[in-house]
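Chains as they are written, first to last, in the numbering used here: chain A, 109 to 270; chain B, 54 to 473.
In short, the hints are calculated from the structure, not lab data. Where is the CB? At the ideal position from N, CA and C, for every residue including glycine. Some hints could be false.
[Unchecked claim] On the chain B side, residues computed to face chain A include the following (Cβ under 10 Å):
1) 94
2) 99
3) 104
4) 198
5) 202
6) 245
7) 323
8) 367
9) 368
10) 369
11) 372
12) 373
13) 399
[To be verified] Output of the computed footprint for chain B on chain A, the stretches with three or more beta carbons under 8 Å from beta carbons of chain B:
14) 218-229
15) 237-244
16) 263-269
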Amino acid sequence: MLNTFTVLALTAGLLAAPQTNLFADDPVPDDPIPEDPIPDDPIPEEPEEAVEVSIEKLTSIEYRPGQELPDEIAELDGKTVTIEGYMAIGTLEGVQKFELVPEPCECGRSKVQHFIDVTLTEGTTTFTPGRIELEGKLSVSEVEEDGFVVSLYRLEIKSLDN
Amino acid sequence: LIAAGGLLALALLGAHAAPRPFQTAPTAQESELDKLLRVAKTGKAPVRPQAARRIVRLWNGAGEPERGSIIERLLTEAGPTNATLAKLGSALVEVMGEFEDTRLRARLWTAVDDPDFPWRPYAARGLAAGALDLEHGRFVALLTDPIGPVRAATIGALEALDARAQAPAVRALLADEVGAVRRAAADLLVRWGHDDALWFLFEELGRDDRFFDRPTGREARYKAERQLKTHLGDLGEYDAGHGPVRNAGALAALATAIEARAGARPELPPVARASAQPIAGEAIGLELRSCRRGEFFLRWTRDDRLLVGQGTPAIVELAPGTTARLLVVGAAQTAKVERRSFGSPGCDIELLHWRPADNTTVWLVSKGPAAVSDLRPAALGEFYRELVSSLPRGASADPRLDHLRERALAALASIGGPLE
């Protein structure tokens with residue numbers, strides 16, 4: 109039903125080649141014994157299972173800059189999450205940042221807790237007016253610039269991939 | 054049209070800069086007030102309210118003549134007309150009522166009295182924050198304002214005035230078509246000792262409705278949960294993230310607690326009841342959200358029903374085959390529209406939800422501060438004309454259906470332009 113953006117936020121690290129001998133028929137080098145023995149094949153870490161988080165939970169909190177966040181929100185910091193929402197109207201095309209918001213309109217939404225700042229590590233934005241689903245790493249903390257809290261929630265995703 | 058669309062796309066791109074705190078560079082000799090005004094007007098959206106709030110704090114902490122200077126500066130910034138006031142943006146408009154200055158309040162009232170002022174809800178909230186007894190009658194008149202957020206703001210004004218004699222008028226808003234207004238009314242009534250209104254907030258906890266892909270019921274649950282916590286404290290095992298089935302035990306426990314405090318659950322008006330069943334067969338949706346002409350949530354289902362509103366909608370039985378015919382028209386017209394978004398950021402939007410099969414596609418028309426001709430693509434206009442022709446017109450006892458076609462046409466005209 110949704111315009112689902114498949115985002116593979118944490119898999120990049122798992123794609124690093126394991127240290128196995130892929131060329132067993134290669135001639136043996138002069139010094140076949142490395143100083144550091146090659147370890148056994150590492151057991152790949154299981155990708156962290158994404159926690160489903162509703163954007164309404166994040167954006168419905170009462171918050172003022174400097175105020176401590178509710179535990180159930182603060183404990184999401186650093187977690188891999190899936191979250192649905194809308195690209196803010198006016199999102200630029202072809203950039204690596206956009207704001208995810210709970211409603212498709214501006215609708216009186218103006219406080220810092222009403223926005224999730226999304227960063228794409230690969231690829232760029234294409235504005236989609238419908239509801240979208242994202243998966244990535246969520247950061248929850250105040251980011252201050254020049255004395256103003258400019259961000260409370262940040263989501264790092266790999267790309268938007270229709 | 055395509056060329057016009059391209060220009061609009063450029064406008065849209067320019068109107069919403071990449072996230073950064075300030076869109077204009079500070080100057081070396083800028084005063085604190087200058088800086089706060091600049092950020093409140095042109096900063097990134099989340100910092101504008103913070104900057105505006107700091108101007109209030111700056112004024113609160115100042116002595117004379119600095120206080121007077123701040124007010125004179127705000128009056129200068131507000132300019133002589135509603136058009137100049139609108140240019141300040143919503144954040145500054147929202148705090149202007151808090152400076153205890155009759156001239157600033159008069160500017161806000163002029164704005165609230167102007168149905169085309171884009172920040173009416175913000176102006177109403179600004180006035181509510183510093184409501185004066187002599188404004189009592191004007192606030193009471195706003196309880197029936199056509200814009201839901203203005204009605205909600207007015208409830209806040211009555212609380213600030215402690216206008217308990219208006220409890221019957223506030224009670225009438227428990228049957229408002231806008232959930233936020235119902236919740237604000239219930240919240241105030243409970244504060245005034247009308248504990249039976251707790252049941253209206255409780256009812257929202259059990260909502261599980263959607264408007265196409267948007268979980269409107271979940272949104273309502275979170276908001277009602279927050280309000281109920283202020284009255285009841287801990288809500289036990291209740292979790293607004295879950296629907297009524299998973300919360301059944303928690304809801305039962307809460308109902309027992311509320312009954313002990315407020316008495317038996319009263320009969321709620323249909324609009325305030327949590328949806329008993331999910332809506333099936335949504336095929337076409339028209340979502341009109343105009344800060345000038347109100348909000349409309351219209352759905353056409355495959356079994357020829359027109360649903361009006363969110364939550365528990367009003368239902369109109371359409372002639373057999375109506376939705377099938379509209380789907381044919383819609384398929385032909387939407388196929389002509391190459392892009393899916395038009396316009397620039399603003400508080401007036403049209404959203405077409407199109408679900409001919411399992412997936413929903415959305416088209417957006419958004420009206421920014423500047424008037425733009427031919428904002429809506431002609432093909433969408435053709436389709437909307439067909440959709441609107443299926444809406445009931447004339448008087449109805451149900452406020453959601455009362456002159457629905459006429460009101461929807463006015464909203465469409467206000468956003469994307471007239472359909473003619």
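We went through each hint and held it up to the structure:
no., hint, result
1, 94, "13 Å, violated"
2, 99, "4 Å, holds"
3, 104, "7 Å, holds"
4, 198, "15 Å, violated"
5, 202, "6 Å, holds"
6, 245, "22 Å, violated"
7, 323, "25 Å, violated"
8, 367, "22 Å, violated"
9, 368, "23 Å, violated"
10, 369, "24 Å, violated"
11, 372, "28 Å, violated"
12, 373, "27 Å, violated"
13, 399, "7 Å, holds"
14, 218-229, "holds (count 6)"
15, 237-244, "holds (count 3)"
16, 263-269, "violated (count 0)"
Hints 1, 4, 6, 7, 8, 9, 10, 11, 12 and 16, counting from the list given before, are not met by this structure.
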